[in-house]
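Here is how the chains run, residue by residue.
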Amino acid sequence: MVEVTVAVIAQELDVHDDGTFDILGVLTGLRVSAVPYEEPHMTLFLSFSASPAEVGRERRVEVHLLDADGFLMRKSWTTVAVPEPPHPGSRADLNVGFPLRNVPFVKDGDYSFHIFVGDDEKRVVPFHIDVEKGGE
Amino acid sequence: MTETEYVKAKIIAVTVPPLRVVPESEVQEETFTRGDFEGALDRASRPLKGRLAHVPYSSEDFIKEKKEEVELEDNQP
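Protein chains in written order, with this note's numbering: chain A, 1 to 136; chain B, 1 to 77.
For reference, chain A alone in the conformation it holds in the complex (with noise of 0.2 Å):
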């Protein structure tokens, strides 16, 4: 079974030469000056974790947009494929940056980005608008 162990929304990853990175800019929402906004980049960063069964399969990532009333703004999807472990029997750990790209924000209020693998949900990461008064 594949788990998603980690999801934020950040505006960035930075890709040391080593392997290891660095998450920039966690976020959970925006305050922005009007809406209907678009977002033009965001990356969503997911670490997978998956059985030794699982090795070398692959998986649909599916990320949701949903509105406060849960109407459906956005559907991005991938696949992913489940790596070797480090050492044999192991759980394998993924780590995935996830584009998100000219995301839409109609109205300001509560936002929920949820994240399945195949057809089950495993994840939902909230996200907030705000409109700054006087903004514009």
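Simulated from the structure, these hints should not be mistaken for laboratory data. Treat the hints with care, as some may be off.
What the hints assert, rightly or not - Restraint ranges, calculated between C-beta atoms of paired labels, are given here:
1. A:V6 x B:I63: 55 to 65 Å
2. A:R57 x B:T31: 26 to 36 Å
3. A:D69 x B:I11: 48 to 58 Å
4. A:S51 x B:G35: 35 to 45 Å
5. A:G70 x B:T2: 51 to 61 Å
6. A:W77 x B:T33: 14 to 24 Å
All C-beta atoms, glycine included, are put in the ideal place defined by N, C-alpha and C.
Given chain A, work out where chain B should sit, using these hints.
Using the frame of chain A, we list chain B on its own:
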């Protein structure tokens, strides 16, 4: 309770699970509007309306139907 004796050691390397930054070209997406959903809801409710077409849609329709039934009964010999 025994006191643990730690040895002096240094970190040689850190263990980091592989990172895959998914290229934009490998992400597919669909964007929806509230209109899409309201349209989908309307399409879903249409068969229901067809099946239950005999059910009055509003209380006014119901009252009207009942009045007609009473009038029919009154006019019977």
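Could you see if the CB distance from W77 (chain A) to T33 (chain B) stays within 14 to 24 Å?
-> Since W77 (chain A) and T33 (chain B) have Cβ atoms about 19 Å apart, the given range 14 to 24 Å holds.
Is it true that S51 (chain A) and G35 (chain B) lie within 35 to 45 Å of each other by Cβ?
-> holds, 42 Å
Is the hinted range of 55 to 65 Å satisfied by the C-beta distance from V6 (chain A) to I63 (chain B)?
-> Hint holds: Cβ distance 60 Å, inside 55 to 65 Å.
At the C-beta level, are R57 (chain A) and T31 (chain B) separated by a distance inside 26 to 36 Å?
-> holds, 29 Å
Is it true that the C-beta distance of D69 (chain A) to I11 (chain B) lies inside 48 to 58 Å, as the hint says?
-> At 49 Å between Cβs, range holds.
If you check the beta carbons of G70 (chain A) and T2 (chain B), does the distance land in 51 to 61 Å?
-> Hint holds: Cβ distance 57 Å, inside 51 to 61 Å.
Against the hints set out earlier in the document, no violation occurs for any number.
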